[in-house]
Amino acid sequence: MLTALLAAVAVWSLLVGAFPAPVPVVTGGLLAVVLALHRHEHGAVLHMDHLARNSHWSKVNPMLKTMSCLLLLCLCLMARTVWPPLSLAIVLAVLSRAGGVRFRTYQALLAAPAAFLSVSALALVWTYSASDSGWISIRFGTGYLVIGAAAQATARLVTARALGAVSCLYFLSLSTPLPEVLEVLRRLHAPAVVVDLALLIYRYIFLLLATCETMRDAAASRLGFGGLRRSVRTTGIIYGNLLARSFRRAQACFDAMESRCCTGSIRFWTRPKPVRPMHAAVLCLLVGGMVAALVCGG
Amino acid sequence: MSRLEKRILAFSMVAAGVLFVPQNAFAMHIMEGYLPPHYCVAWGVLSLPFLAAGVMHIRTTVQQMRKTLILLAMCGAFVFVVSSLKIPSVTGSCSHMTGTGLAALLFGPTCASVLGLIVLLFQALLLAHGGLTTLGANTFSMAVAGPLLSWGIYQICRKMQVNRKAAVFLAAALGDLFTYCVTSLQLALAYPSEQGGVFASTIRFLGVFAPTQLPLAIIEGILTVLVIMGMESYARPELREIGFLKEAAQ
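Protein chains in written order, with the numbering used here: chain A, 1 to 298; chain B, 1 to 250.
No wet-lab data here; the hints were simulated from the structure.
Where hints are given, some of them may not hold.
Beta-carbon label-pair distances, calculated as ranges [claimed, not checked]:
hint : chain 1 : residue 1 : chain 2 : residue 2 : range
1    : A       : Ala153    : B       : Arg236    : 57 to 65 Å
2    : B       : Val41     : A       : Val23     : 33 to 41 Å
3    : B       : Pro37     : A       : Ala98     : 26 to 34 Å
4    : B       : Gln64     : A       : Ala280    : 42 to 50 Å
5    : B       : Met65     : A       : Pro179    : 24 to 32 Å
6    : A       : Gly29     : B       : Gln155    : 51 to 59 Å
7    : A       : Leu157    : B       : Leu46     : 18 to 26 Å
8    : B       : Val41     : A       : Asn54     : 56 to 64 Å
9    : A       : Leu223    : B       : Val45     : 48 to 56 Å
Where chain A lies over chain B, by a calculated footprint (3+ residues, C-beta under 8 Å) [said to hold, decoys possible]:
hint : stretch
10   : 57-66
11   : 71-80
12   : 129-143
13   : 160-166
14   : 224-232
Beta carbons: idealized from backbone N, C-alpha and C, even for Gly.
With the rest of the complex left out, here is chain A:
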């Protein structure tokens, strides 16, 4: 509810003055309604991993996806007007939908960045000044809170860029399971020890999450989370125990690897995914369109 209100105020302050009177109010109001209707949910921690593995785009060559997403990200940051990043955001949202991510889920995923974006857009737009110049000014103590035209333009551009970039990130992470991204990093000659470490961490995350969940359930069923004092204590004890257990588990893993004559490097089999002309064409079209938009005025 508060997110909705805040986002509405943020959108209103981004648009006011630059557009005819009804536009800012209507846009802000619509956004508020959309956000208020959706509930912020804290589902499974690794929801995105699940979505990536079930995506229709998970059959596309990971190198192609990663490289084009990175390219789009860079192009997005170089935009000088609002429209290229915003249209990119819409196209990529539609592509993600076609990949099998429900619109509702996508919106829920956007909630956290939207909150950050609203707060910082407000911080960028409103300045404290001694005189009441600018589109809107409100008396505040001895000076004025002012929306200036220049600050507003910057804030609008930053918000648009961030939205475009987030949609690039989401397209990548909702279509590519993490081990494949790490495989791409290995191909790009990232230090082997780091990639090995990352692969091991990815696998252990599932182990530790399951253990942690069990311990939290056990603590909760013994009323371990009643009141702030007790919950801080319980959480600390759970985390301490989790780390102690994970170290013990590391010993077991190490023994298992030694007994199988592990020589140090850790490799997993990855399914080969050849580059299909269709996929390459679509992604090239996106990148090409973005470059064209940037060259012709954006």
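Given chain A, work out where chain B should sit, using these hints.
Same frame as chain A, now just chain B:
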């Protein structure tokens, strides 16, 4: 715009500022696409030497003792899990630990920065917190500056014979606060305000994120102390193995 409208707007902004900001859980991650390109590159380059030192350190340690790789991986997974779960907080909002301070205390600041980089990459791709273009800036604030300060404070406190619990608390809490200050500075450098420049802008960003971060730093400190105490009672041999309890062993 009439006077009443202005009043209502001002009131709603104050209300939103007071009530909403504590809910902004991931204030310390700069989101994807928020920084201009040259700042992304600059912060990335700035954290490179620390990462290179970390990689070399890990490589030599792993060659000597292969088990360290597994221990580090477990610690990294622990940091990720801890930073992805809700912790109890004063305002009833959802906040999360950073956990990199703990890694710095256990394994040293250079190892912690490599672990932090991996965890930040995972957070960007699995949880959509932070981002790929802002990875450099986030790495600098959360995986280099914070852990370095935590480790430094812990070492100084040990030299000065301060109680271990107090030292751990100070290290974790101040490391957390420092991370938040660096993040505010990064945002302000990228977007200085028209009047007052970088300094005024820093103050503004510090102010916007303060209601979440101050209580969070204290809770992070308390939790880190509890974790270390738990480890001391359950996993003394392991702590001695990674060199954290050297003094106690002698």
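Subject >> Hints not upheld, ascending by number >> reply: 8, 13
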